Amino acid sequence: MTKELKMIVCIKQVPDPEAPASTIEVDSKQMQIRVRGVPPVMNPPDEAALEAALQLKEKYGGRITVLSVGENLSVPTLRKALAAGADELTLVQDPGLSDVDSLSTAFVLYKAIKRIGEYDLVLTGRQAGDWNEGQVGLILSELLKVPAINLVKKLAIEGSEITAYKVTPFGYEVVKTVIPAVLIVTHEFGELRYVPFIALQKAREKPVKIWDAKDLSIDPSNLTKRRIVILYEPSRERSCFFVEGETLEEKGKNLALLIKEIQKSESYLSLQKVG
Amino acid sequence: MVLVEMGEEADKITPVSLELLSYARKVSLETGGVILAVMMGCNLNREVEEIAWHTHKLYVLDHPLLREFNPDIHVYALEKICARLNPTYILIGHTYRGAEVAPRLAARLKVPLTTDCVGLEADAETGLLKRKKQVFCGSVVATYVFEGFPQLVTVRPKTFEAVKEGLEKRGEVFWLNLEIDESVSKTKIVEKIREERVVLDDAEVIIAGGRGLGGPEGFKELEKLKTVLERFFRRVEVGSSRPPVEKGWVSPSRQIGLTGEKVSPQIYVAVGISGAVQHAVGMENSKIIISINKDPNAQIFSISNYGVVGDYKEILPAFRRGLEELL
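Here the protein sequences line up with chains A and B, keeping their order. Quick note on my numbering: the first sequence kicks off at 4 and runs consecutively. Quick note on my numbering: the second sequence kicks off at -7 and runs consecutively.
It is worth saying that the hints were derived from the structure and are not from the lab. Note that this is a predicted model, so its numbers are computed, not measured. Keep in mind that a hint or two might mislead.
[Stated by the list, open to error] In silico DSS-like cross-links for lysine-lysine, where the CA-CA straight-line distance does not exceed 25 angstroms:
hint	chain 1	residue 1	chain 2	residue 2
1	A	K217	B	K102
2	A	K228	B	K124
3	A	K117	A	K228
4	A	K114	B	K102
This is chain A alone, in the form it adopts within the complex (with noise of 0.2 angstroms):
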């Protein structure tokens, strides 16, 4: 028997990674990025870890709090979660905290932790879509000094002992540990189920609770930031030579002809020596 479990998804906020290039504004004088037009969405990797969660709470029964910390956070972009099963939104949202980094981030997360209290299982994405740093869960993990269970796609639980597997090079690995634990769960767990708008609709009745950074007795000024140097936004634009044909027959044909010729092509052979 498996007792109901006490669940903290952890769930960044970021520009929306589906958002056109446009949206994004590079300051390279201010060194700052701007996204505009597009509102803000759940990091899509840490929606695995919420999808995760549901999972667990509909197997074994159970209460899931998701947890966000940032400068100025969407209610209604998080309650996303909300209205796909978690039961409880807590925000830390202070000023302070912007351009904070992993190291930090996950400091806040852990001051909040703790001000939440009793926790069995601790979940996160492998990554946010804005910094790519894949730092935040391993860290959480040591300042609460819990065992950690990276890159998860799969995941049992009986009584306390946790089994997982842990995508690898390889395949996979089958882990223990015991609760309490941190799991950052991986997008070959699978994707956030569908939420229908009528859910949305209802979950403004779920709470929501907002702290900030003295809430937890953090002073902002000692936390950790990255001070940028150089901004840009690389160009990846090639000039693309369609193929073409009267009919998909010809243009196949086309392109057979084409990979012969880049074969035989002097620069692809002088790449061939190099390489």
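Add chain B to chain A, keeping to what the hints say.
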């Protein structure tokens, strides 16, 4: 002092470790610092001699508990070694293991870490590392610094050239003694399951499929094409963007992009891939990019050298027949 962790994968020193040794030499020349390397594992005799030539001091920790990669034990040992040596810079390869070990080491040493750097430069005045990194899924490149030492980073493979010539003098080798108790590990690996292991790294041609393939049967088409292309090229592999992996159409080891492999084949054929920046960062260094997509406005065409507009289900068989006629 600049310390390089010599990472291992499949009982071999990772190529990125040798690349970091060449950057360590650059830093050592610029700052006058000593090059340190750390090797951790079990029965390490094999490569010690060779690595020592690229360092001033090589520290070897040989311990039965380090035979298999257990992150708890690995982090414990590396932390102890760093505490003893107190290096200015700690360089770790951004590999499967490095990406797991470095954040936990950062927490223990209480220093900020930057992962997956694609460039490094030590500031001449302050000595702080300028860390170049692709951010916002690769649509922005930022270079930034953090105050304080040690400076800790993980570096993407192929950022630097591997070290070749040894130093004038072979570095001193220190065999470390460290008590490691099994109780250090809070997790237990009970089973290792080997699935298909795909090496995309040295393929001459990669054919990659995306969401547009519509299902696992699309990858069968790519495999058929692979068989024909293998008669023209040295090594051909099949890769994937993220969605097919999420949908379980292909094994995760085929994934190319931000959370997958970064590849640079001579020819990259993208089939049914929209060309989101998360995928582009994994294949942008390909010499020639050819894309097949039925949407003429797909983003992938703007980063391709050649494009074919149309349904892959018709184009690929014709492409194959065309190739066979050229044999």
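Each hint, compared with the structure:
1. A:K217 / B:K102: This hinted pair holds, its Cα atoms lying about 22 angstroms apart.
2. A:K228 / B:K124: Given that 25 angstroms is the threshold and the Cα spacing comes to 16 angstroms, the pair holds.
3. A:K117 / A:K228: Holds, at about 23 angstroms.
4. A:K114 / B:K102: 16 angstroms, holds
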